[in-house]
Structure formats: C-alpha cells, structure tokens
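Novice: For reference, the chains in residue letters:
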Amino acid sequence: MAWALQNLWLIPALPLLAAALSALAKQRHRKFAASLAIGSLALALILSCVAFVTLLFHSGKGETVRMFHNFEWFRFGDTNVPGTALRLGWVLDPLTAVMLVMVCFVGLLIFIYSLGYMAHDENFTRFFCFLSLFAAAMLGVVIANNLLLLFICWELVGLTSYLLIGFWYHKPSAAAAAKKAFITTRIGDLALLLGMVWLYSQTGTLLFYDNGSGCLEQSTLIKMVAQTTSLGMAVSTGIALLIFCGAVGKSGQVPLHVWLPDAMEGPTPVSALIHAATMVAAGVFLVARVYPLMAISPETVSTALKVVTWVGVLTAVFAASIAVAQNDIKRILAYSTISQLGFMMMGLGVGGIAVGMFHLITHAFFKALLFMGAGSVIHGCHEEQDIRRLGGVRKYMPVTFATYAIGMMALSGVPIFFSGFWSKDDILHSAHAWQVSHWPFYLGLFGALLTAFYMTRQICYVFLGPFRSSGRKEVLTSSHSELDPEPSSRKLSEPPLAGWEPHESPRVMTVPLIILAVMTVLLAFIGTPAWRWFQSFLGEEKLKFDLSALTQPEVLWIMLLATAVAFLGIGLGWWLYGRTPVTKPEEVDVLERIWPDVLTVLRKKYYVDEIYEWSVVGFNAWWAKTCDSLDYWVWNGGIKLLSYAVIGLSWVNRFFDEKVVNFGFDEGCRRVTQGGSLMSRLQDGRVQHYLRVIGFALAVLVLFLIWGCRAS
Amino acid sequence: MTPLSQYLLVSALLFTIGLAGALTRRNAIMVLIGIELMLNAANLNFIAFWRYGPNPQALTGIMFVIFSIGVAAAEAAVGLALIISIYRHYQTANVDDITSMKG
Numbered sequence: 000m001a002w003a004l005q006n007l008w009l010i011p012a013l014p015l016l017a018a019a020l021s022a023l024a025k026q027r028h029r030k031f032a033a034s035l036a037i038g039s040l041a042l043a044l045i046l047s048c049v050a051f052v053t054l055l056f057h058s059g060k061g062e063t064v065r066m067f068h069n070f071e072w073f074r075f076g077d078t079n080v081p082g083t084a085l086r087l088g089w090v091l092d093p094l095t096a097v098m099l100v101m102v103c104f105v106g107l108l109i110f111i112y113s114l115g116y117m118a119h120d121e122n123f124t125r126f127f128c129f130l131s132l133f134a135a136a137m138l139g140v141v142i143a144n145n146l147l148l149l150f151i152c153w154e155l156v157g158l159t160s161y162l163l164i165g166f167w168y169h170k171p172s173a174a175a176a177a178k179k180a181f182i183t184t185r186i187g188d189l190a191l192l193l194g195m196v197w198l199y200s201q202t203g204t205l206l207f208y209d210n211g212s213g214c215l216e217q218s219t220l221i222k223m224v225a226q227t228t229s230l231g232m233a234v235s236t237g238i239a240l241l242i243f244c245g246a247v248g249k250s251g252q253v254p255l256h257v258w259l260p261d262a263m264e265g266p267t268p269v270s271a272l273i274h275a276a277t278m279v280a281a282g283v284f285l286v287a288r289v290y291p292l293m294a295i296s297p298e299t300v301s302t303a304l305k306v307v308t309w310v311g312v313l314t315a316v317f318a319a320s321i322a323v324a325q326n327d328i329k330r331i332l333a334y335s336t337i338s339q340l341g342f343m344m345m346g347l348g349v350g351g352i353a354v355g356m357f358h359l360i361t362h363a364f365f366k367a368l369l370f371m372g373a374g375s376v377i378h379g380c381h382e383e384q385d386i387r388r389l390g391g392v393r394k395y396m397p398v399t400f401a402t403y404a405i406g407m408m409a410l411s412g413v414p415i416f417f418s419g420f421w422s423k424d425d426i427l428h429s430a431h432a433w434q435v436s437h438w439p440f441y442l443g444l445f446g447a448l449l450t451a452f453y454m455t456r457q458i459c460y461v462f463l464g465p466f467r468s469s470g471r472k473e474v475l476t477s478s479h480s481e482l483d484p485e486p487s488s489r490k491l492s493e494p495p496l497a498g499w500e501p502h503e504s505p506r507v508m509t510v511p512l513i514i515l516a517v518m519t520v521l522l523a524f525i526g527t528p529a530w531r532w533f534q535s536f537l538g539e540e541k542l543k544f545d546l547s548a549l550t551q552p553e554v555l556w557i558m559l560l561a562t563a564v565a566f567l568g569i570g571l572g573w574w575l576y577g578r579t580p581v582t583k584p585e586e587v588d589v590l591e592r593i594w595p596d597v598l599t600v601l602r603k604k605y606y607v608d609e610i611y612e613w614s615v616v617g618f619n620a621w622w623a624k625t626c627d628s629l630d631y632w633v634w635n636g637g638i639k640l641l642s643y644a645v646i647g648l649s650w651v652n653r654f655f656d657e658k659v660v661n662f663g664f665d666e667g668c669r670r671v672t673q674g675g676s677l678m679s680r681l682q683d684g685r686v687q688h689y690l691r692v693i694g695f696a697l698a699v700l701v702l703f704l705i706w707g708c709r710a711s
Numbered sequence: 000m001t002p003l004s005q006y007l008l009v010s011a012l013l014f015t016i017g018l019a020g021a022l023t024r025r026n027a028i029m030v031l032i033g034i035e036l037m038l039n040a041a042n043l044n045f046i047a048f049w050r051y052g053p054n055p056q057a058l059t060g061i062m063f064v065i066f067s068i069g070v071a072a073a074e075a076a077v078g079l080a081l082i083i084s085i086y087r088h089y090q091t092a093n094v095d096d097i098t099s100m101k102g
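Taken in order, these protein sequences are the chains called A and B. With numbering that gives the first Met the number 0, the residue at position 339 of the first sequence is 338, and numbering never jumps. With numbering that gives the first Met the number 0, the residue at position 35 of the second sequence is 34, and numbering never jumps.
Simulated from the structure, these hints should not be mistaken for lab results. Be careful, since some hints might not be right.
Stated by the list, open to error - Across the chosen pairs, the derived CB separations fall in these ranges:
#, chain 1, residue 1, chain 2, residue 2, range
1, A, 669, B, 87, 39 to 45 Å
2, A, 668, B, 8, 52 to 58 Å
3, B, 3, A, 676, 58 to 64 Å
4, A, 677, B, 3, 42 to 48 Å
5, B, 84, A, 693, 51 to 57 Å
6, A, 668, B, 50, 56 to 62 Å
7, B, 87, A, 668, 37 to 43 Å
8, B, 96, A, 693, 20 to 26 Å
9, B, 87, A, 661, 48 to 54 Å
10, B, 65, A, 665, 45 to 51 Å
11, B, 76, A, 661, 53 to 59 Å
12, A, 702, B, 76, 44 to 50 Å
13, A, 693, B, 76, 20 to 26 Å
14, A, 677, B, 51, 56 to 62 Å
To be verified - Some chain A residues judged to face chain B by a derived CB distance under 7 Å, without partners named:
#, residue
15, 394
16, 683
17, 685
18, 686
19, 687
All of these numbers come straight from a predicted model, not from anything done at the bench. The beta-carbon is built from N, C-alpha and C at its ideal position, and this holds for glycine as well.
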C-alpha cells in the first residue's frame with residue numbers, strides 16, 4: 000500500500016524522462032526514441048497496475064479508499080503562519096487508479112501502433128518525444144492532488160496537443176488547427192485559472208485532500224456553501240462553474256467544441272490517443288475529480304451539476320447530428336467523440352462519478368479502437384480520408400474491418416456484449432431517474448439514435464460496396480469543387496497511383512486493434528446492472544452479484560428502449576446506405592435527396608465556425624485593425640508630432656548657435672586679434688623705445704610721488 | 000661738511016646724463032656706458048644716504064655698493080659679451096637696426 004503510494008510519482012516521471020532523453024536524440028535514432036517511449040510507458044503501466052491492485056484489496060466495502068502524499072514545494076512569507084507554504088502532492092484513489100491503467104494501457108497500444116503508422120515519417124523521433132511528454136503530462140493530471148499541479152499538467156497536455164496537431168506543421172491547415180485548438184482551450188483554461196484563484200482565496204489551499212483541510216473535504220466545502228456571492232449563488236457553485244469552463248474547453252463541449260474536429264489534422268495515432276481516448280477525457284476527469292465541489296449545494300440538485308448536465312446533453316445531440324453529415328472518416332469520429340464526451344458530462348451530472356467515468360473508460364477503449372481502425376484504413380488506402388472515395392475496404396482489410404465493426408457496435412450501443420451499451424445504458428438510466436427534468440433522458444436517447452445512425456452510415460460507406468477510389472482521376476476533374484469543400488482532402492491534388500489497391504496494415508498496427516477490440520468486449524461485464532463492480536470500485540455502492548437486477552421493470556424497460564433505439568439507428572442507416580451501396584464517389588448523399596436543407600446545415604456544422612469567424616474572430620480582427628489604426632494615427636502621429644517639434648527645436652538651436660553664439664564668438668576672436676596686433680605694435684623691438692617708456696614712467700612716478708608728498 | 004642735497008644733486012645729474020646717453024646714443028656700447036652711469040648714480044645715492052643716515056657706523060651702505068659694483072661688473076661683462084655676439088651676427092652694433100624682437 001505504502002509502496003504503491005510512495006512510488007506513484009514515478010508513473011508520470013518515467014515518460015517525462017523518456018521525453019527528455021528522446022528530445023536529445025538525433026533524428027536518425029528512431030529505435031532509441033521509440034523503445035524509450037514504449038519502455039517507459041510499459042513500466043508506468045506496470046506501476047499503475049500495482050497501484051490498481053493495491054487499491055483493489057482495499058475496496059468493495061462501500062466506501063472510498065483514498066491515499067495521498069503531500070509535500071511542501073516551497074514556502075513564501077512567514078514560516079510560522081499556516082497557509083504560506085505551497086504544498087503539492089499526489090493522490091491514489093479509485094478514480095486515479097482507473098484512469099492510470101486506462102491511460103497507460105491505451106497509450107501503450109497507441110504507441111505500438113504508431114510504430115507502424117509513423118514508420119515512414121522522418122520526424123519519428125520527435126513524434127515519440129511528444130507522445131512521451133503527453134503521456135507524462137496526462138498521468139500527472141491524473142495523479143495530482145493539488146489543483147495547481149493538475150493545472151500545470153493540464154497546460155502541458157494542451158501544449159503537447161498543440162505540438163502534435165501541428166506535427167505536420169508544413170501543412171497550413173495543420174498549423175491553423177493547432178493554433179485553433181490551443182487558443183480555444185485557452186479560453187476555457189482562463190476560467191479554470193480564475194476558478195483556481197478564487198478557490199485559493201476562499202480556502203487557502205489547493206490541495207484536494209489533506210486530512211480534513213483540503214478543498215474537497217467536507218469542512219471546507221460547507222464553509223464555501225455558506226457564503227454567497229453578489230449574484231446570489233453559493234461561492235462553491237461559482238468556483239465549480241469556472242472550473243467546469245476549463246473542462247468545457249478541454250473536452251470540446253459546446254460552445255468550445257470547434258477545435259476538436261480540426262484537431263484531426265494531426266497524425267491518426269494522435270487523434271486516437273489525445274483527441275479521443277485520453278486528453279479530451281481530462282475535462283470529464285476534472286469534473287469527476289472536483290465532483291464534491293460540483294455536487295455540494297444548498298439545493299437538492301446543485302446548480303453546477305445542472306449546468307454540467309445541460310451542457311453535456313446539448314453537446315451530445317448537437318455533435319451527433321453534425322456527425323451525420325460529415326464525409327471525412329476522422330471528422331465523423333471527432334464529432335462522435337464530442338458527442339460521447341457530452342454523454343459523459345451528462346452522466347456525471349445526472350448520475351455521479353461512476354456513471355460518467357464508466358463511459359469515459361469504455362469510450363476510451365472503443366474510440367481509440369475506432370480511430371486506430373480509421374488510421375489503418377487511411378494508411379492502407381494511401382491517405383484517403385473521404386468516405387465517399389473509400390468503400391469495399393472489408394475485402395482488403397479483414398482484421399481492420401472486424402475490429403472496427405466491434406468498435407462501431409460498442410459505440411452504437413448494441414446490447415449485451417459491447418461495453419458501450421452498458422455504460423450508455425447506465426447514463427440513460429441515471430438520466431431517467433434525474434429529478435430535475437426528463438429532457439436529458441429523451442435527448443440522450445435521440446443522441447444514441449443518431450450515434451447508431453452515423454456509425455452505420457460510415458461503416459456502409461467505408462467497408463461495404465465497391466471500392467470507389469480507382470476512378471479518382473475523373474472525380475478530381477469533374478466534381479471536386481462541389482464534392483468536397485473541406486480541407487481534409489489534402490491528397491486530392493495528387494494523381495492516383497497506378498494499379499494500387501488497399502492493403503491490410505502490418506501486424507504492429509493490427510495487433511493493438513485486436514487487443515483493444517477484446518478489451519471493448521471484456522469491459523462490458525464490469526459495470527452491468529447485475530454486477531456493478533466498476534461503480535462499487537469507485538466507491539458509490541456496495542458490490543453484489545444480482546442477476547435479478549437485470550429484470551427489474553425499470554432497468555429492463557430502459558435497456559430495451561436503448562436497444563431498440565440502437566437497432567433503429569443501425570437499421571435506418573442500413574436502409575439508407577447499406578441496402579443499395581454507393582457506387583460512385585460523386586453520388587449524392589441519400590439524406591441530401593430527402594432533406595437537402597437540413598443536410599447542408601449539418602454539413603456546415605450549424606455554421607458555428609462561420610458564426611465564430613464572423614463574431615469572435617471578426618471582432619478580434621476588427622479590434623486589432625482599430626488598434627492598429629489607432630496606433631498608426633494617434634500614437635504614431637503623436638510621436639511624429641513630437642519628433643517634428645524636436646527637429647524644429649533643433650533647427651532653432653542650430654540657428655541660434657550659428658548666428659548668435661558663433662557670431663559673437665567670432666567677433667570676440669577678431670577683436671582679440673585686433674587688440675593683439677595693436678599691442679604688438681608697442682613691442683617694436685627697439686631697446687631704446689622701451690627704455691624711453693621706462694624713463695617716462697619713472698618721471699611720471701617721481702612727479703606723482705612728489706605731488707603726493709605735497710598733498711599730504 | 001657738504002650737505003646731503005649736494006650729493007643728491009650730483010647723483011641726479013649723473014643719472015640724467017646716463018639716461019640721456021642711454022636714450023640717445025645709437026651705439027650699443029654707448030648705451031651700456033649710459034646704463035653704467037645710472038648705476039653709479041644709484042651707488043652714489045646709497046653711499047650718501049648711508050653716510051647721512053641714522054647709523055653710519057654699520058657698514059651697510061658700503062657693503063651694498065660693493066655688491067652693486069660687483070654685480071655691475073658682471074652685468075657689464077655679460078652685456079659686452081651680448082653686444083659682441085650681436086655684432087658678430089648682425090655686423091652692426093647700432094641698436095636701431097636690431098629690431099628682430101618686435102611683436
């Protein structure tokens with residue numbers, strides 16, 4: 000127990016060390032960097048498992064086991080005054096343990112997968128350096144027992160996300176996407192920082208748990224609830240909402256979701272690791288971490304949780320509907336990720352930590368699986384990402400297809416054997432039981448329907464029907480402009496390679512897929528209503544095995560409803576897209592024939608980007624222009640005026656100098672010369688003249704003396 | 000005993016003759032002679048003032064004059080030497096012609 004706790008810091012430290020070492024490696028030291036990254040993460044995984052198992056022995060008693068280790072980082076101010084030391088620390092509780100194992104496990108598989116995916120990239124070393132840094136930062140977020148430490152790692156995670164989205168920075172779209180991601184998440188982080196500062200000013204500590212004086216512990220929380228702000232809400236609510244803003248930015252919730260689809264410009268393993276499985280889940284994790292702060296409230300259901308729920312629900316439906324109309328294989332998954340993150344937020348809001356976290360964990364596995372499957376397809380089809388130009392890949396890539404199908408079924412919520420079903424069912428169940436409103440439940444069902452639908456559409460497009468990419472040349476010339484306005488079709492300008500067809504990816508890529516697929520199925524059984532192991536591990540209820548729980552009318556009813564919705568979505572997708580397979584890439588989308596207007600709006604993502612472009616970016620540009628012209632005309636003018644004044648003054652000065660000072664001086668000099676020449680005439684060199692003067696002077700002197708004697 | 004004023008008159012006469020000589024003669028040697036005359040007028044004054052002074056027992060006046068005559072001898076030697084070298088340089092001893100020291 001103590002050993003696992005004392006060495007918990009090693010888990011992020013090892014990948015950090017690997018990142019530092021591979022940062023020093025040369026570009027050609029590919030094996031060194033890769034083995035370092037993978038080795039360090041494998042060690043971290045082992046340590047995480049040790050921590051997890053340690054915790055496992057202490058759990059199941061219906062209460063949360065929590066261990067933490069705090070230390071003083073540095074001290075400011077007086078030594079004797081409490082609260083002047085900045086203390087950091089790490090915490091080991093079920094939440095941490097679950098996340099640790101998930102991040103390490105998924106991360107390790109994705110690292111291995113990257114070996115194959117990035118094999119031909121010349122910046123292989125840099126890639127693994129960034130990946131290791133990311134893993135370190137993410138693990139740091141997970142173990143942090145201090146909001147400040149969490150925030151530091153949180154920002155590091157944002158940084159690596161930026162670096163990895165912009166990994167192919169020579170592509171303008173990737174560079175722009177990286178900037179967009181960084182700036183958008185920064186907006187949320189600003190609020191998080193404010194919340195942190197507020198929290199510190201209220202409690203004097205940022206430690207989560209500190210033997211009763213941490214900011215998430217009962218006494219502190221009660222103090223915060225008792226105070227109200229000028230707006231009439233409790234201080235705790237205000238802080239919780241600000242912290243939630245950070246989560247909104249990181250987890251791509253509405254309205255800060257715009258960066259996540261663009262983030263797909265990065266390499267696919269990055270999309271899988273960062274923008275599907277782990278980093279975007281950090282927001283959800285943050286909410287789960289500060290859940291006590293979120294949940295505490297004078298009312299029965301806290302305002303903060305209501306906000307979390309509504310934002311989550313809105314995001315879930317909003318993003319799912321956009322995903323229906325996208326044509327880029329990774330963008331569909333990106334919107335799906337946003338939507339699922341919405342589900343997680345909703346789960347946290349309506350059900351608590353366990354509900355949201357269960358979906359987070361299952362989603363991490365199957366979404367990483369889907370992304371890596373998509374990467375495999377892209378890799379095998381020569382960087383083709385447009386689903387209209389794929390198709391029939393099932394024949395060429397059987398392993399990818401099989402695993403992808405498992406992921407798709409998990410995401411769609413096909414019952415019994417797929418983890419997504421159980422976690423989503425749990426969320427829906429909690430939503431149904433929510434006291435405030437039933438709408439999240441209905442909207443959640445609708446979101447699930449859309450999810451099943453767009454995943455089926457994608458599968459039909461990508462894996463079924465004939466392979467449509469061979470006729471790419473005609474597509475290029477005839478209908479490119481109206482076919483794909485999106486930036487993702489970066490390879491369109493290249494001529495198709497002669498005589499190629501898709502091929503299955505190498506073993507190094509398919510094996511992680513298979514492992515993830517297995518995990519996707521296995522995870523289904525740890526959180527069913529019959530055996531709520533996961534929920535009990537996170538410390539919310541007692542563990543019991545009870546098959547009859549499955550047949551309770553309410554549980555059964557919701558399960559059947561969810562199943563029906565999933566099958567309805569899949570059936571609808573099949574009916575529209577699978578029944579008559581699409582044969583040509585330029586074929587109009589079936590939905591477009593039915594509701595052209597709706598589809599256009601969806602394809603344009605509800606014009607959110609355009610609205611932001613018009614409002615925020617436009618305002619920003621306008622403001623910058625205004626500042627620029629203000630700068631140019633007012634400040635610059637002022638400075639110019641001043642400089643002209645100085646120049647004029649110096650002209651006057653020069654004039655004075657030349658005409659007055661110089662003139663006077665010259666005149667003086669001339670006079671002195673004249674005087675000198677005048678005087679020099681006295682000295683004519685004749686001795687007797689001098690003598691004469693002396694004699695004369697003597698005479699005068701004598702006369703003067705005589706006259707003086709007389710007078711006296 | 001001859002009164003002091005007589006000596007002073009003689010001395011003044013001597014001085015005036017010397018001054019006139021020094022001012023009017025063109026030859027440098029004559030100028031030097033004039034100067035020597037003025038010097039001797041001063042010496043005479045010294046002697047006279049000493050002799051008629053409050054303390055004629057002390058030989059201060061004599062001492063002063065002997066010094067003065069010694070100095071005058073040295074000065075005459077230097078002056079003559081200068082005149083000789085000037086003469087060698089300019090081939091003349093006429094002081095009106097030697098004006099290279101003018102400003």
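Novice: Starting from the range 39 to 45 Å, see whether the pair residue 669 of chain A and residue 87 of chain B falls in it by beta-carbon distance.
Specialist: Since residue 669 of chain A and residue 87 of chain B have Cβ atoms about 42 Å apart, the given range 39 to 45 Å holds.
Novice: Could one say that the CB atoms of residue 668 of chain A and residue 8 of chain B fall in the range 52 to 58 Å?
Specialist: Given range 52 to 58 Å: holds, Cβ gap about 54 Å.
Novice: Given residue 687 of chain A as an interface hint, is its Cβ closer than 7 Å to any Cβ of chain B?
Specialist: At about 6 Å, which falls below the 7 Å cut-off, the nearest Cβ of chain B leaves the hint on residue 687 of chain A intact, so it holds.
Novice: Using the beta carbons of residue 3 of chain B and residue 676 of chain A, state whether their distance is inside 58 to 64 Å or not.
Specialist: Roughly 49 Å apart at Cβ, these two residues miss the hinted range, so it is violated.
Novice: Cβ-Cβ distance between residue 702 of chain A and residue 76 of chain B: within 44 to 50 Å?
Specialist: violated (35 Å)
Novice: Evaluate the given range 42 to 48 Å for the C-beta pair formed by residue 677 of chain A and residue 3 of chain B.
Specialist: Given a distance of about 46 Å, which is inside 42 to 48 Å, the answer is holds.
Novice: Using the beta carbons of residue 693 of chain A and residue 76 of chain B, state whether their distance is inside 20 to 26 Å or not.
Specialist: holds (23 Å)
Novice: Residue 87 of chain B and residue 661 of chain A, beta-carbon distance inside 48 to 54 Å?
Specialist: holds (51 Å)
Novice: Less than 7 Å between beta-carbons is the criterion; does residue 394 of chain A satisfy it with respect to chain B?
Specialist: violated (122 Å)
Novice: For the range 56 to 62 Å, tell me whether the beta carbons of residue 668 of chain A and residue 50 of chain B fit it or not.
Specialist: With a Cβ separation near 59 Å, residue 668 of chain A and residue 50 of chain B satisfy 56 to 62 Å, so the hint holds.
Novice: Please check whether residue 76 of chain B and residue 661 of chain A have a Cβ separation lying inside 53 to 59 Å.
Specialist: For residue 661 of chain A against residue 76 of chain B, whose Cβ atoms are near 56 Å apart, the range 53 to 59 Å holds.
Novice: Could one say that the CB atoms of residue 84 of chain B and residue 693 of chain A fall in the range 51 to 57 Å?
Specialist: Since the Cβ atoms of residue 84 of chain B and residue 693 of chain A sit about 24 Å apart, the hinted range of 51 to 57 Å is violated.
Hint compliance for this structure: hints 3, 5, 10, 12, 14, 15 are broken, all remaining hints hold.
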